[in-house]
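There are 2 protein chains.
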Amino acid sequence: MYDSIIIGMGPAGISCATYLKRYGLNVLVIGKDLGALELAKEIENFYGMGKISGHDLALKGIKEAMSLGINICHDEVINIDYLANGFNILTKKNNYDAKTIVLATGKVRNGFTLAKNFEGKGVSYCATCDGFFYRKKEIAIIGYNSYMLHELNVLLPLVKKITVFTNNNELEVELPANVEVVKDKITSFKGNDMLEQIICGDKTYNVEGCFIALGSQNAFTLAKHLGLDIKNNNLVVNDNYMTNIPGIFACGDVIGGMLQVAKAVSDGAICANNLNNYIRELKK
Amino acid sequence: MYDSIIIGMGPAGISCATYLKRYGLNVLVIGKDLGALELAKEIENFYGMGKISGHDLALKGIKEAMSLGINICHDEVINIDYLANGFNILTKKNNYDAKTIVLATGKVRNGFTLAKNFEGKGVSYCATCDGFFYRKKEIAIIGYNSYMLHELNVLLPLVKKITVFTNNNELEVELPANVEVVKDKITSFKGNDMLEQIICGDKTYNVEGCFIALGSQNAFTLAKHLGLDIKNNNLVVNDNYMTNIPGIFACGDVIGGMLQVAKAVSDGAICANNLNNYIRELKK
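Protein sequences, first through last, are from chains A and B.
Reminder that position 161 of the first sequence reads as 161 in our numbering, one-by-one numbering, no gaps.
Reminder that position 121 of the second sequence reads as 121 in our numbering, one-by-one numbering, no gaps.
All the pointers check out, no bait thrown in.
Straight-line C-alpha distance at most 27 Å; calculated DSS-like pairs for lysine-lysine:
id: 1; chain 1: A; residue 1: Lys60; chain 2: B; residue 2: Lys51
id: 2; chain 1: A; residue 1: Lys136; chain 2: A; residue 2: Lys203
id: 3; chain 1: A; residue 1: Lys93; chain 2: A; residue 2: Lys60
id: 4; chain 1: A; residue 1: Lys60; chain 2: B; residue 2: Lys60
id: 5; chain 1: A; residue 1: Lys183; chain 2: A; residue 2: Lys136
id: 6; chain 1: A; residue 1: Lys41; chain 2: B; residue 2: Lys63
id: 7; chain 1: B; residue 1: Lys63; chain 2: A; residue 2: Lys51
id: 8; chain 1: B; residue 1: Lys51; chain 2: A; residue 2: Lys41
id: 9; chain 1: A; residue 1: Lys107; chain 2: A; residue 2: Lys63
id: 10; chain 1: B; residue 1: Lys107; chain 2: B; residue 2: Lys231
id: 11; chain 1: B; residue 1: Lys51; chain 2: A; residue 2: Lys63
id: 12; chain 1: A; residue 1: Lys224; chain 2: A; residue 2: Lys107
id: 13; chain 1: B; residue 1: Lys63; chain 2: A; residue 2: Lys60
id: 14; chain 1: B; residue 1: Lys41; chain 2: B; residue 2: Lys60
id: 15; chain 1: A; residue 1: Lys51; chain 2: B; residue 2: Lys60
id: 16; chain 1: A; residue 1: Lys63; chain 2: B; residue 2: Lys60
id: 17; chain 1: A; residue 1: Lys51; chain 2: B; residue 2: Lys51
id: 18; chain 1: B; residue 1: Lys63; chain 2: A; residue 2: Lys63
id: 19; chain 1: B; residue 1: Lys41; chain 2: A; residue 2: Lys51
id: 20; chain 1: A; residue 1: Lys60; chain 2: B; residue 2: Lys41
id: 21; chain 1: B; residue 1: Lys190; chain 2: B; residue 2: Lys224
id: 22; chain 1: A; residue 1: Lys183; chain 2: A; residue 2: Lys32
id: 23; chain 1: A; residue 1: Lys63; chain 2: B; residue 2: Lys41
id: 24; chain 1: B; residue 1: Lys60; chain 2: A; residue 2: Lys41
id: 25; chain 1: B; residue 1: Lys32; chain 2: B; residue 2: Lys63
Coverage of chain A stretches by chain B, computed from C-beta distances (three or more under 8 Å per stretch; other residues unrestricted):
id: 26; segment: 12-25
id: 27; segment: 36-48
id: 28; segment: 55-62
id: 29; segment: 263-272
Non-contacting residues of chain B with respect to chain A, defined by C-beta distances greater than 10 Å in every case (computed):
id: 30; residue: Asp33
id: 31; residue: Ala40
id: 32; residue: Asn88
id: 33; residue: Leu171
id: 34; residue: Ser216
id: 35; residue: Lys224
id: 36; residue: Met242
Keep in mind the hints are simulated off the structure, nothing from the lab.
Glycine included, every Cβ here is placed at the ideal spot set by N, Cα and C.
The task is simple: from the sequences and hints, build the whole structure.
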């Protein structure tokens, strides 16, 4: 069991992992891409770094962390479950247990914009949390990959019928035999107060609910799964960089403030310091 | 008149200056040495930097800031005075006006430890602030350089007699004719409640007060001069990194927290962001 698994391999995640490693903790970083840094063509306001592209800086950070002996997996988180003494993290390639989690996933993005008006009114982002409310109903799930399949398998035993909407994405997984697939692009959601219909161009599908598991888990969907507080599109943390769930920390852009490498790196360091204290208390 | 003068050329000061420059402000950095970084033999937990000595990192930061067109003076602050619309900064080599000041001087050190028990009881760190209380008295001033001379010149018109104690340092400045000098090392301060005697080995000097202007202005003495709040040996700042005096900001080790490059660099960036907003409001 890892002392901590850090989700995200940008400046916040790598900085946090580096400090945790230095504190003698057993850590793993899981990252799916280079995040916002990938978009920064040139950075020249990060102390001591001169001019560097975001891409190169991100790779430099990862490479140096690996040279310090930090394990970094290029992988994607599909689900996080609570254990009695920590968390289980299911990824595309593997399965890990950890006493603590650090969410350093980058800026919280919105959910599926088209469905915004029906969030909590028939639209959900977490099968484990909300599946029960749709027992014996005919529902939809939007997605196309292993993250969607995980959510689908949670829902299948509960619901009467479930249709997969790939929203024009290539289906990446094999579905159970009894599941229908709609491959068209979704154009709108309709309903009086509660969601009633999913519209794909000139086709209309009646539904009693819809789960969104599109693309990959991100800060928004992870927060929904874990029951984390979100405010103004930022994960809410206390002075110790811990979320409302004990053992789940967050740092970097995901908690808001200045969206700068400098701030993310500092967040990572301070978060690590507090997480180390938390782990030491657990071990007492 | 500068928009801002940053005192300190370590990670916090340079990061702050870099951001201010990017915001289009007219800034100057004044630094007297490389501060705490000079003592760090090897740093390997600052994101993206690999292994580097504190000395090399500090020089790298300064060099890169200069390449962005930031003015950096290797100089020493002797005094800061309030102006109607800002501040006047007197240095060893020059004299500057600025609308705002950023104190990025590194960790607040204690005052003169030997005199600790008599602070506010006959021992003062600011001639401008407290000189008036020693009118027509026979007092001492401890120091040996231009910073001491500045304080001495403030006190001379007020007091009856003043003796310079160099505390075994080489006197670096020429003193007015009527000033006596004691070159011995100070061994203790004595008095019942209020300071009464300065002891140098087997010699005893009766005094009615003592000003300390030893070495160079540092965070502690600057804070005393400017009337800044100090708590637990840290300058007190609000969420905007501003001290209790409008227009005086602080960032890095001087405000406490984790004494790490990462945190100092982030402080500098966030402080700059808030200072920029402050300046823009002034210009309205």
